[in-house]
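**Q** Please model the entire structure based on the sequences and the hints provided.
Chain residues, written in single-letter form:
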Amino acid sequence: MSDLDVSSVAAAALGELPMLREDTRPKQPARRLTSHLAGREGWCLFVALVALWQLVSWVIPSRNRFLFPSPLVTIQALWSSLPELGKGTVSSFIILIPGYTVAVAAGVVLGILAGTTRWLERLTVPFTRVVAPVPPTVYVPYAIALLPGFRSAAIAVVFIGAFWPVFVNAMAGAASVPQRLRDNARVLGLGKVEYLRRVVFPSSLTHIFSGMSVGLAMSFIMLTVAELFGANAGLGRFVQFYADFADYPRMVAGILYTGAVTFVCMRALDRLKRRALFWQR
Amino acid sequence: MGAQPASDRRPALSLDGVSFGYQSATVLADVTLQVREGEFVCLLGPSGSGKSTVLRLLAGLESPREGSIRVAGLPVVGPGIDRGVVFQDYSLFPWMSLIENVALAIGKAHPALTREQRRDLAEEYLDLVGLAEARTKYPGELSGGMCQRGAIARALAMGAPVLLMDEPFGALDPVNRTRLQDLLLEVWNSSKPARTIVFVTHDVDEALLLADRVVVLGACPGRVIADLEVPISRPRPRRQTYARSEFQALRKLVNDHLEGDVLRRLSDAEMVSEAAGI
Chain A
981 MSDLDVSSVA AAALGELPML REDTRPKQPA RRLTSHLAGR EGWCLFVALV ALWQLVSWVI
1041 PSRNRFLFPS PLVTIQALWS SLPELGKGTV SSFIILIPGY TVAVAAGVVL GILAGTTRWL
1101 ERLTVPFTRV VAPVPPTVYV PYAIALLPGF RSAAIAVVFI GAFWPVFVNA MAGAASVPQR
1161 LRDNARVLGL GKVEYLRRVV FPSSLTHIFS GMSVGLAMSF IMLTVAELFG ANAGLGRFVQ
1221 FYADFADYPR MVAGILYTGA VTFVCMRALD RLKRRALFWQ R
Chain B
93 MGAQPASDRR PALSLDGVSF GYQSATVLAD VTLQVREGEF VCLLGPSGSG KSTVLRLLAG
153 LESPREGSIR VAGLPVVGPG IDRGVVFQDY SLFPWMSLIE NVALAIGKAH PALTREQRRD
213 LAEEYLDLVG LAEARTKYPG ELSGGMCQRG AIARALAMGA PVLLMDEPFG ALDPVNRTRL
273 QDLLLEVWNS SKPARTIVFV THDVDEALLL ADRVVVLGAC PGRVIADLEV PISRPRPRRQ
333 TYARSEFQAL RKLVNDHLEG DVLRRLSDAE MVSEAAGI
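These protein sequence lines map, in sequence, to chains A and B. Numbered per this note's numbering, the first sequence finishes at 1261, counting up by one with no gaps. Numbered per this note's numbering, the second sequence finishes at 370, counting up by one with no gaps.
These are computed hints drawn from the structure, not numbers from a lab. Errors might be hidden in some of the hints.
Calculated lysine to any residue pairs in the SDA-like style (CA-CA distance at most 20 Å, straight line) [to be verified]:
#, chain 1, residue 1, chain 2, residue 2
1, A, K1172, B, G172
2, A, K1172, B, D295
3, A, K1253, B, P186
Note that the structure is a prediction, hence the values are computed from the model and not measured.
**A** What follows is the structure, given as structure tokens:
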């Protein structure tokens, strides 16, 4: 086996493959630029925006520089505050993870029940119409006043923010299980619980995941808003703290860092979605 | 339910004076029909003749407005695992692999079996329909013909004495359709006691090739317009069967019934428009 490998490597080295490659070369340069850019337009915009940012920071008069830090200054600030931001991330996630997880679990279970049970649907839909559109940020001050400690209040508002989108979407998904799948389940004689678990839940997953991503974005909003109000650590707190001290490079660094964390979480959710919905064409 | 007596005269399925409709629209009017145990009956009719509705009523997916429906002598109150159903398409759950789909049905029919036994049995049935290789594939990865094979495997795996098939090969290409017709007949021939099959189609040749009896339905409202035995011996190799005079005579008879129904509807429509002064 190793002999074969050696001979094929040798054949390649002796110029068979390079010759082939040279034959096709004339066509490639024209294609290369566009094919390299394809699928990366988003990054191009990102790079262009950073370049624009740099340009603007050069143009702005120097006495205003502290309000509008250049990318380089911001990156330096980001680098030096990484340990603090890391701790802030941990503190934020201690709020975010339980709030979001409980919201998703409750939203999926209750949404599926409400979407498949007539009387529950009639019971909850009017209530949902009134309560779900209320911007959940309005609950923040009261939650902080009502609940013992900042952490439990923040978890509660993250829960409220993430629950409604998940619940409403899970309910819509459960209510729109295609007739043919319902017929199949009935023909097989699936029991109620089995039907909900093995048919309604997977059939609603597309809806549930869109609810989950709206819910995740909402949880980040709720988290940072809550932290602006009363935290002593966390990502929102970081931004608020340095804004109070007019340390704008660090504040901007905090904003960028929070954006990056949100982005990573959304991407992770997207991955999870693609894995869970592998059976869709 | 219970032991099946050997007498083949006993009706496995019966509809007695059944009508069905939605609000003001009447889909079926006074349909009376009996299917004997082990019989292969094709329901044939144009679209709008309610042939799928008859099947859904037998499956227990709908309830009749009037009349009674009995399976093995007992009134139908809902779907049951004594009746396996194959729909035209999408009979399988897309998030389960073939073997999981079949094993799920087996689990409902034989709750006492262990997980491994269910999977083994599921594999046997998939093997029977020629899907042994594809057992871990998901419906989205399979062709329509393969999905229908899977659906048939699932219906067979439930061990139901009655199979209800709603245009199961309607969406398939001719080659796959031929193969699956042969497969179905093979399975029907080999099972003992023979399963009772009600098969809905709008294809006259398919009906005459498969069935012991063809029930022709007319449209608007759906009702039985002819009930014909198919006295052609089995096996029925396609080429020879199509050439036989009985086959051609039956085909003509069925087509005459279908055309007669169309003409009747047209003349009805004329009378209505004349009465309306158009």
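**Q** Confirm or reject each hint.
**A** Now the hints, each set against the structure:
{"no.": "1", "hint": "A:K1172 to B:G172", "result": "holds (15 Å)"}
{"no.": "2", "hint": "A:K1172 to B:D295", "result": "violated (38 Å)"}
{"no.": "3", "hint": "A:K1253 to B:P186", "result": "holds (16 Å)"}
Hint compliance for this structure: hint 2 is the single one not met.
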